[in-house]
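*Asks:* Chain by chain, the residues:
Number of protein chains: 2
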Amino acid sequence: MSKLLTDLIEALRCLPGVGGKSAQRMAFHLLERDRERGQRLAQVMAQAMREIGNCSRCRNFSETPVCTLCASSSRDRQVLCVVESPTELAAIEQATGYRGQYFVLLGRLSPLDGLGPEELGLDRLAERLAEGEIEEMIIATNPTVEGEATAHYLAQLARAGNVRPTRLAHGVPLGGELEFVDRGTLAHAFGSRQSLD
Amino acid sequence: MSKLLTDLIEALRCLPGVGGKSAQRMAFHLLERDRERGQRLAQVMAQAMREIGNCSRCRNFSETPVCTLCASSSRDRQVLCVVESPTELAAIEQATGYRGQYFVLLGRLSPLDGLGPEELGLDRLAERLAEGEIEEMIIATNPTVEGEATAHYLAQLARAGNVRPTRLAHGVPLGGELEFVDRGTLAHAFGSRQSLD
Ligand SMILES: [Zn+2]
Ligand SMILES: [Zn+2]
Numbered sequence: 001m002s003k004l005l006t007d008l009i010e011a012l013r014c015l016p017g018v019g020g021k022s023a024q025r026m027a028f029h030l031l032e033r034d035r036e037r038g039q040r041l042a043q044v045m046a047q048a049m050r051e052i053g054n055c056s057r058c059r060n061f062s063e064t065p066v067c068t069l070c071a072s073s074s075r076d077r078q079v080l081c082v083v084e085s086p087t088e089l090a091a092i093e094q095a096t097g098y099r100g101q102y103f104v105l106l107g108r109l110s111p112l113d114g115l116g117p118e119e120l121g122l123d124r125l126a127e128r129l130a131e132g133e134i135e136e137m138i139i140a141t142n143p144t145v146e147g148e149a150t151a152h153y154l155a156q157l158a159r160a161g162n163v164r165p166t167r168l169a170h171g172v173p174l175g176g177e178l179e180f181v182d183r184g185t186l187a188h189a190f191g192s193r194q195s196l197d
Numbered sequence: 001m002s003k004l005l006t007d008l009i010e011a012l013r014c015l016p017g018v019g020g021k022s023a024q025r026m027a028f029h030l031l032e033r034d035r036e037r038g039q040r041l042a043q044v045m046a047q048a049m050r051e052i053g054n055c056s057r058c059r060n061f062s063e064t065p066v067c068t069l070c071a072s073s074s075r076d077r078q079v080l081c082v083v084e085s086p087t088e089l090a091a092i093e094q095a096t097g098y099r100g101q102y103f104v105l106l107g108r109l110s111p112l113d114g115l116g117p118e119e120l121g122l123d124r125l126a127e128r129l130a131e132g133e134i135e136e137m138i139i140a141t142n143p144t145v146e147g148e149a150t151a152h153y154l155a156q157l158a159r160a161g162n163v164r165p166t167r168l169a170h171g172v173p174l175g176g177e178l179e180f181v182d183r184g185t186l187a188h189a190f191g192s193r194q195s196l197d
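Taken in sequence, the protein lines are chains A and B. Heads up, the first sequence stops at 197 in full-length UniProt numbering, and the numbers go up one at a time, no gaps. Heads up, the second sequence stops at 197 in full-length UniProt numbering, and the numbers go up one at a time, no gaps.
Simulated from the structure, these hints should not be mistaken for laboratory data. Where hints are given, some of them may not hold.
[Said to hold, decoys possible] No farther apart than 35 angstroms at their CA atoms in a straight line, the calculated lysine-lysine pairs in the DSBU-like style are these:
1. K21/B / K21/A
2. K21/A / K3/A
3. K21/B / K3/B
4. K21/B / K3/A
5. K3/B / K21/A
[Stated by the list, open to error] Chain B stretches covered by chain A per the calculated footprint, using a threshold of three residues with CB under 8 angstroms from any CB of chain A:
6. 2 to 8
7. 12 to 19
8. 23 to 34
9. 51 to 62
10. 77 to 91
11. 112 to 118
Just so it is clear, CB atoms sit at the ideal spot from N, CA and C, and this is done for glycine as well.
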C-alpha cells in the first residue's frame, strides 16, 4: 500500500471508535468516491483545531471571545449550570429544555493530577456569582468519586456567594431494568423513593 | 454550538458509518484531548486527497507514477489478478498469499452509467497481455450481475491474448451456516460439490 495511504489510515485511528479496519474503509471510501468532501473535512478540521478556543465567560468551546450561549439575550440569567466538559454541556442542551447559563470546568478536582480550583477556573466562577444575578447553581458534575468531591466544593462556593446549589437527581435510569442497575444506584433510588400521592 | 464546531461535526459525516452522534463524539474528543493528532489527521487527509492518484501500470492508488507493487522485483510476473477497485485489491493482498501482479478496473462494465471498456482501461490491460509475460489472468470482479458480465468480457480478452483466464471459486462461505446462505449460492455449491476421496 502507498506510504501516504498507510499514513492516512494510521491517522484516522485517532478518531474514537475507529480501529484499523474502519480506518481503512474510511480512507478507501474518501479516495474512491468522495475526495471533495474529504478535502472539505480536512480543511474544516484544521481550522477547528487551530481556531476553536474557550469562551472567556463560561469556558465552553468557542471561536469568538464570548460564545453564542453567553452572548444570547434570550436565556435566563438567574440559573447557572456547572458541567465538567463541553461534551456534557452539549448533552444537557440537547436533552433538556434548560435555557439558563453555563460554566464549564474543563476537568474536575483532582489534586493528584494537579487539577485544583485554579485550573478549573473557580476564581472566575466566584466572580460570576459575585455579579449578583445568579440565584441557583445546578451542579451537573459526573456521579464519580472526583465528580462528587467537585460537587461538594462547588456547593460550598455557591453558599458562600448566597446562591442556592442544586444537584441532578440520582436514581434508576428511565427504561432501565432494575436487574441491570448497579447496586449503589439501586440502593440510593430505593432509599430516595418518592410518594405517588 | 459554535459555527465552526457545527461545521466540523457536519463534515465528519462524510466518513462511512459515521452518523450525527458519532460525528459529535469525534469532534469533542479531538477538541478536548487530541488536537495535535487532529491537526495531523487534517494535514495527512488534505495531502492524500490531493496527491494520491493512480498507478500508470495497474491503476491502483499511488502517489508515484508507478506503484510499489508494480515496481517490486520480487513479485511473480506470470500471473495478473483483475479487481474492480483498490478496496478489493487490498482485501486480496491482506487475506491471501497472492504475490503476482494486479490490474484495477476502477469500476465494472455498466453501459447505462457510461462505463465501457475504455473507462475501465481495458486497452491498457490488452497492452499488458501483449507484453507476453502473463500466463494466467485471475478474474476477481464481484459476483454481481455487472461483475459477472465484466468477468465474461475479461475472459474473452484473456483468451484473445493467449492467456488462461481463471475465476474465484463460488460456494458456501467458510463458517457460514447453510440455513443463512442465499439460495443461488447454495444451489451452485450443491451442483459443484467436490469429491472428498
Ligand atoms: Zn460562554
Ligand atoms: Zn501499479
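*Asks:* Take the hints in turn and mark each one as holding or not.
*Replies:* Results for each hint:
no.	hint	result
1	K21/B / K21/A	holds (20 angstroms)
2	K21/A / K3/A	holds (17 angstroms)
3	K21/B / K3/B	holds (17 angstroms)
4	K21/B / K3/A	holds (32 angstroms)
5	K3/B / K21/A	holds (32 angstroms)
6	2 to 8	holds (count 6)
7	12 to 19	holds (count 5)
8	23 to 34	holds (count 10)
9	51 to 62	holds (count 4)
10	77 to 91	holds (count 4)
11	112 to 118	violated (count 0)
Checked against the numbered hints above, the structure breaks only hint 11 and satisfies the rest.
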